[in-house]
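> Keeping the supplied structure of chain A fixed, place chain B upon it in accordance with the hints.
Protein sequence lines correspond, in order, to chains A and B.
Residues in the first sequence are numbered from 1 upward in steps of one, following our numbering.
Residues in the second sequence are numbered from 1 upward in steps of one, following our numbering.
Incorrect hints may appear among the rest.
[Unchecked claim] In silico EDC-like pairs for lysine to aspartate or glutamate, Cα to Cα no more than 16 Å straight-line:
1. B:Lys428 / B:Glu532
2. A:Lys302 / B:Asp598
3. B:Lys84 / A:Asp478
4. A:Lys474 / B:Glu88
5. B:Lys382 / B:Glu462
6. B:Lys558 / B:Glu456
7. A:Lys202 / A:Asp274
8. A:Lys444 / A:Asp357
9. A:Lys474 / B:Asp79
10. B:Lys388 / B:Glu469
[As the list claims (entries may be wrong)] Between beta-carbon pairs, the in silico distance windows are:
11. B:Asp321 / A:Cys50: 57 to 63 Å
12. B:Asn320 / A:Lys446: 33 to 39 Å
13. B:Ser29 / A:Arg454: 17 to 23 Å
14. B:Pro471 / A:Pro156: 44 to 50 Å
15. B:Phe230 / A:Leu177: 50 to 56 Å
Because the hints were derived from the structure by calculation, they are not lab data.
Where is the CB? At the ideal position from N, CA and C, for every residue including glycine.
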Amino acid sequence: MFPYLSFMTFFPLAGALLIALTPKGKDNLVRWIALLTTLPLLVAAVKIFCLFDRSLSTMQFVEGPYPWISTFNIEYFMGIDGLSVSMILLTALVSTVAVLASWGIQKSVKSYFALLLLLFSGMFGVFSALDFFLFYVFWEVMLLPMYFLIGIWGGPRREYAAIKFFLYTLLGSVLMLLVMLSFYFYSEGHTFNLLLLADQAKQLGPFTSTAFRHACWLGLFICFAIKVPVFPFHTWLPDAHVEAPTAISVILAAVLLKMGVYGIMRICFPLFPDASIYFSGMIAALGMINIVYGALCAMAQKDFKKLIAYSSVSHMGFCLLGMSSMTAEGFNGTVLQMFNHGTITAMLFLLVGVVYDRAHHREINGFGGMATIMPRYSAITTFAFFAALGLPGLSGFVSEVLCFMGGFKNYPIYTIISVSGVVLTAAYMLWAFQRVFLGAVNEKYKDFDDINMREVVTLVPFMIIVLIAGVYPKIALDLFNSTMTALSHAMGTLPVAGL
Amino acid sequence: MAEKLFSLIYLVPLLPLLGAFVNGAYAFSGAKLVRPFVHTIALAAIFIPFLITVGAFLHVTSLPEESRQVVVTFFPWLDVGSFKANVEFLIDPLSLTLMLVITGIGSLIHLYSVGYMSHEPSYARYFTYLNLFCFAMLILVMGSNVPMMFIGWEGVGLCSYLLIGFWFTDSAKAAAGMKAFVVNRVGDFAFIVGFLLLYWTLQSKGHATVQFVELRNAVTHLDGVMLGSFSLVTIVCVLMFIGATGKSAQIPLYVWLPDAMAGPTPVSALIHAATMVTAGVYMIGRMSYLFSMSPAALNIIATVGFVTALFAAIIGFTQNDIKKVLAYSTVSQLGYMFGAMGVAAYTAGVFHLLTHAFFKACLFLGSGSVIHAMSGEQDIQKMGALRKHLPITHATFFLSTLAIAGIFPFSGFFSKDEILWHAFNHSKLLWLIGVTAAAGTAVYMLRMVTLTFYGESRVSEEAMHHLHESPLSMTIPLMVLAFLAVFGGFLGVPESLGHFFGLHESNLLEHWLEPSLVFPKEALPMASHATEYFLMVFSLGIAISGCLIGFVLYTKRKDIPESLAQKYPKVYEFIYNKYYVDEFYKAVFVNNLLRLNDFLALFDQKVIDGIVNGTAYVTKIVAYVSGWVDRTFVDGLVNLTASVTSFGGIIARRFQTGRIQTYLYLALGAILVIVFYRFG
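With the rest of the complex left out, here is chain A (with noise of 0.2 Å):
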């Protein structure tokens, strides 16, 4: 069979090669190779839709294990399960995004694009590594390329915003390494294959000492906490994205954070299941705090990016919260949560950008009247807002839904607290439209051109995906549905709380 993850992880890499290769000078040539190099990701990514067997549950498209350090037994191993196919659907479309979305970038843009391709090789690779080893790799590549992304095309304060979240990641991912080698040195037979680990774990594990086994949980969780990011580990992410060039603050935004929660689902859950139940509670309550007090410090934001950046950190509190339940709602609601803040909050990314690149600001109470002077873009943002509101119908409702269904069942205490993020997120999305774009129009700006096509082009699969998740949420609950099915009965069932 054909090897779609290699594939997909390391053809980009080619084509950052083939950048590097290039002349200098011929700018078009390259974003052409880089647009060339993420289409075939896309076919793959299709090709993977359409082959990928909805009744499993077990690991698909595998390929390995091949001895790659033998003498520490550290293999390749790639395959995707429920929980990954959607996030390497994800990541193949955003990737293409971004590059569309990169286009009017100029300075060094031979670099930008080499780094580029080489982040998406970087994410394919840990949304399919099946060796703990092998996911650190990929990890720790993805951290070099955004951290010049960010340094070098981001906005003013760019230096201490890519060293915030250099040093930030870097933390986490020294934690991950202690947790990763204490697995090796304790498992049976040393190994790194994630697949083993979660049977040995099964038995409560190589570690035989409780507190050691929660030590470890809490390395690793925190570890994939600073990139959900949950609250208090979350404050690199405003300035990243305020920061981050377009293209950029859309992949941070729709991809990297989703692996902390695929992190934590992927490694924390089946690694340490009885570890994972016992702090589920915390897990519960950080999701409550990230949805309420994220949508709480957005309603304060004056600038329309920060504003987004805390939604985010609003949404992702639906996954902690669905993942905290155990049940199979709850965990079907986390991923498709995660699939659908991937979307919905690249739209909004990508229309910041518009904006910004005609007003070179992102002042929310610096325009007014947008909707008068440019209506299509307006048309669009409605939409967008109201996906990010949870509107019915649209694909944001049926994840939230489903992560309230989840986590009421065991703690339905946070969980009330948590549904007032449905009005708070309605008040400061509505808010900011109105300041925005209602009202009486902004003379200074009256002449902008309404949004072209190249931006239309870069929205539209997006707003294609929302509404059929929306109307017709089964088509992806398919995918991971066997899955997360499978390992809410591996995590067994918590005593129900009660209110």
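Relative to the frame of chain A, chain B by itself:
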């Protein structure tokens, strides 16, 4: 034939959606506006569904009572864990009644809009929203499960937002749309929590379902389930009712509806009078089996309903904006409907929903015709004596006013009387509140009619110049609605009266709706026919005197209300400013929320991020210190070692002379030392 009709039923919501899509794409494309194209599409998109609905209705009436419930499934929507929901419709008497209202009155209002919006540049956008609204509203009433209903519920909220803020260049109007949506979301918060509570309790009993037909049996297992000191059903019902107070503008969440009058007037007629605002009433009717299980929740609903009816009617006295008067009147009439639902007179509630849809839509459209004729003027103090200029508008408006005031034999009389009759059997106090509100309704409605159409003209020269009766597209809907407002009441002639007039079948609506509803187990003892007649005559008397008082006070004796207002300026101010509820909410909720936001944003920046930056700072200092230590001590030690070594070297070098004699002397000396040490 029958199957064919039901297989066509999906067209009922789908056509308005398609219409919205076509006109939406047209508006988006920015192509040159061709009005006939736009309104032909929009009208067809709602009128064809009306015809299909009528067909379905006729078909269902021919079925035996027990089979008047058809579930039409399209595709599975969700199937996760124990949570299953399909995209499917429930066609039964209750949903059919509402579907007729939505498509029927919807068609009339679409037609009216052709005339009313004829100068509007965003014509296509307007009809897009209007069609989209009909789609969402139809999903709301046709959906066969709670999620489907909620999709419609929020969908109409979206359209309401878009249409209230239709003229969004005016910040105040745009803000009114936002207010409507957010206040509704507060209600939705309670609704979602209620739904979650209901679902998981059912699930724990092994009856997890969200489908209305299955729920009917499933909820019986909730009998006796307690949550703390309340029965679970009561808590669920109250939470869902809070959701309804948002959508249907009841105390405490009614504040958005008066502001919603910022939208175009046909929108007020369709959304904020005839259809959307009655969604809460429909929801209670749809889940009557649940609400019937909790007398406590019903009592709360009845109380809130009747109090809202009176509360809003009083505000109606002081308002001068013709649409604001109608808005408060809508809040008040919705209060009656909830009052009816609360005393478990579900059919009476739906009956009033129906008659209210007729007369209030007519009144709103009439006010639109007046505003249209007055070139946009909405203040009734600047009108007067318009009846000569707007004969059709005047006639239809007047008839509808008599209907809302409850004059026999107009429609409002029958529905309101039935509600008051049930309220009387339930509680004399509620009845008294209801009757007082009815008297108030008659007075303030006549005040409005009188100030608008009678007395001396206060119209400005400028407006007088343009004064004209509206075109046919606007007057035809008015006439049809006025006809319904006059005769609609005969759908629900009470048994006592029917008996009196020797009718064979009375209370058609009640018999029609019965299969959809479940009433509380313990029926209330009903007072005698004699009492019923007496109450009827009494409330009719109240209504007539109210009308007369209203007419006289605002034509011949205008000095009385003026002197009253002057005598009690505080009271007048208090009511004129709607009891300062908006101001109260703003001060208590909105401002504190904004303060909390700013505080948290600052907290996030200074404390949380402060810790991060502080850690970085501390690390930097530590790095600096350790750098210094490194340079001074660690490196110093290294250098010291080096120095010591080199010093040692300097000394040691002196021994390395390279002369063989020196080495021999040294060796000899060493041997002597060893020999002496060993043997000495």
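> Give me the numbers of the hints this structure contradicts, sorted from smallest to largest.
14
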